[in-house]
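Asker: The primary structure of each chain is shown beneath.
2 protein chains.
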Amino acid sequence: MGRVVHKYGGSSVADADGIKRVAQRIVATKKAGNDVVVVISAMGDTTDELMDLAQQVSPLPPPRELDMLLTSGERISAALLAMAIANLGYEARSFTGSQAGVITTSAHGNARIIDITPGRIEESLGEGHIAIVAGFQGVAQDTKDITTMGRGASDTTAVALAAALEADYCEIYTDVDGIFTADPRIVPAAQQIPKISYEEMLEMAACGAKVLHLRCVEYARRYNVPVHVRSSFSQKEGTWVVDAKELDQTMEQAIISGVVQDTKEAKITVVGVPDKPGEAARIFETVAGADTNIDMIVQNVSAVATNRTDISFTLPRADGARAMSALARMKDEVGYEQLLYDDQIGKVSVVGVGMRSHPGVSAKFFSALADAGVNIEMISTSEIRISVVVDENLVNAAVTAAHTAFDLDDEHTQAVVYGGTGR
Amino acid sequence: MGRVVHKYGGSSVADADGIKRVAQRIVATKKAGNDVVVVISAMGDTTDELMDLAQQVSPLPPPRELDMLLTSGERISAALLAMAIANLGYEARSFTGSQAGVITTSAHGNARIIDITPGRIEESLGEGHIAIVAGFQGVAQDTKDITTMGRGASDTTAVALAAALEADYCEIYTDVDGIFTADPRIVPAAQQIPKISYEEMLEMAACGAKVLHLRCVEYARRYNVPVHVRSSFSQKEGTWVVDAKELDQTMEQAIISGVVQDTKEAKITVVGVPDKPGEAARIFETVAGADTNIDMIVQNVSAVATNRTDISFTLPRADGARAMSALARMKDEVGYEQLLYDDQIGKVSVVGVGMRSHPGVSAKFFSALADAGVNIEMISTSEIRISVVVDENLVNAAVTAAHTAFDLDDEHTQAVVYGGTGR
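For the record, the sequence lines run as chains U and F. If you count the first sequence from 1, position 400 lands on 400 in the working numbering, and the numbers rise without skipping. If you count the second sequence from 1, position 141 lands on 141 in the working numbering, and the numbers rise without skipping.
Please note that a few of the clues may not be correct.
Treat identical chains as interchangeable: a pair holds within one or across any two.
Dumping the calculated DSS-like pairs for lysine-lysine here, alpha-carbon to alpha-carbon at most 30 Å [claimed, not checked]:
#, residue 1, residue 2
1, 276, 210
2, 245, 20
3, 245, 144
4, 364, 236
5, 144, 20
6, 31, 144
7, 264, 364
8, 276, 20
9, 144, 30
10, 331, 195
11, 144, 264
12, 31, 210
13, 245, 364
Don't read these hints as lab results, they were simulated from the structure.
With the sequences and hints as input, model every part of the structure.
Answerer: So this is what it looks like as structure tokens:
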């Protein structure tokens, strides 16, 4: 008998009809002979409505109480889903994150999973029930308070539960068909990826892809849980995120799996830093102390004449002001000449395990960008990813150029779009 | 330092403004130097709205899941109230029934309190917090499932918590000013009772008074918790429900404390029951087996000629059909002649510890009814209560007559109503 974990987001259960549709899909999976565990988000806009209520009584709600309030949303949808399943003739039990054994840190609003001890879930499955777990929540290990877990939490919980329950795989149901070779809204010729490796998905998530959260993919990779990302509004196969070993070796390995962009970053340049040991360290300690996440770093070779160098780095725009303040405060101490801030940038990345075994990927990428008139401001690479920082207004052109250059365009779409037989 | 438990119902916290008003009252109590624990119901119509959602996904929701769903309502109001209190500068913590240590049976929708172990509440009070407990809910001792506790549950929880925490008293905030000598909608001259004993309140609750639930009063009596029933919309003193010893002995003890009516009962008469040993027992076993609550019983002396007797009893109208079916099925076995059903009845009761020491109360009561043209169908008494069953259409006349006969009318109101100086 198989064992499967499903996860459904708020848009899948926006109303009573949505709940009933999801119940039917779950029951079909159970009927096929599987143990089924479901992680569910709050219905539609419930979380926003509860936040709104909170704002009405207090402009600065205490974090512990905000978590007590918000977790009601998932509790409601979990109970309703269990009822809908019972109505179809199958037994279901709903569980809060706490009851499901989701143990977390006590950082309210952004708690991390410490462990999952799903004893009651195992018991429920053993009795033949379908288990429904309220997503987005757990219980703090030290205080025993209810916690909510920040962005991507329900996806991460679903994968973590799948790992703890030794499930065969985890299905993340969302409102897109799967992971695409590029954002279809930018590149109409983008194609759905049938299978992608954990490492590639990690890079794509880190570089701007929004469908699966980084934490979720990291958990899947660590515990080797196959993840199937698919649409809750159709029966189509989605994208499987699996161990690289599972990728089809017989087929010609595509060099690049996909192109992603991130338009939420800003670039800070510290101009004229004295070229002395420790200066760069002091700069990055300062920025880290301001609780920001630095992404790409570029340090130019120091100019011989001046013995000074420029250091540029990128970070989330939301952290920009904070980092600038922190750096401005230590101007005299470091002795740099100037601070520049640019939030009109975008980061474009090509990702693919194939680039390990294929030389010339950078060359092809930079060449395609040049042909499209896109200037490269910064470059950063990993074994399976190449990222460039470009002018924000040229991001879409850069993505499109790279997608075509690496033969990712759907020829059929190309023919339709351009009225020809493809390039 | 005093220790007080407050309970607020749904109408007191119908919206954000209601929550903020309640928060201010709680903070005023805390400021006066008390430990404060609050039991709170769901906001306004929340419970009904959740029931409605449940009905949309399933016409027969499983009881466990219904409890998981409905308890979200109290969780939301408890968290919001804690936020509102924090906004006034005082620390508050909200707790589910489970977290507060409310241990119950596993009868979903109608669970009973087995025990209260409020360790986390004590801890919270010890840290100077105001503790908010979600009402209407607990955790089942055996299954550890969340349970809801049926009618009057939040009042009972508040009193039970007050007992477990050894609080000085429990204040039940509601939408009436207190307990009255009669329903003011029937008797405009009804007066608010300043103090009443547990036994009298028990009788009044059992005989139709709706402000405090029977279970709540029984708990208060058993653990000697003074209960103050008052309005959440004013600062007026309400009615104190206390041990009979606390009643003011120096004042002339009113013979009757109040008149109550119950118009939700029906009368069943089993006509012509053979006067043999065991027949009556068989009848009541049958009715009890149909899971009904019998109230008053009257058995006529058997007619010498026929050796048959008529047995009448009253029960809640909701149980009427069930009892009639059960009795009809055993007609041959018992051998009675006929079954009569009458739901056009009402029960009127006069309650007062004073009747122990004053003879002639029955005579005065029956005489007042006769003068008002009200025929008595059945009579039932306890040490401190006399109840009569009358035609439902004459209930109001009976209540009014008894109220006046026992000098309970507010003379001022009487003067205003009748334009004279009172009777």
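Asker: Which of the numbered hints are not met once you compare them with the structure shown?
Answerer: 1, 2, 3, 4, 8, 10, 11 and 12
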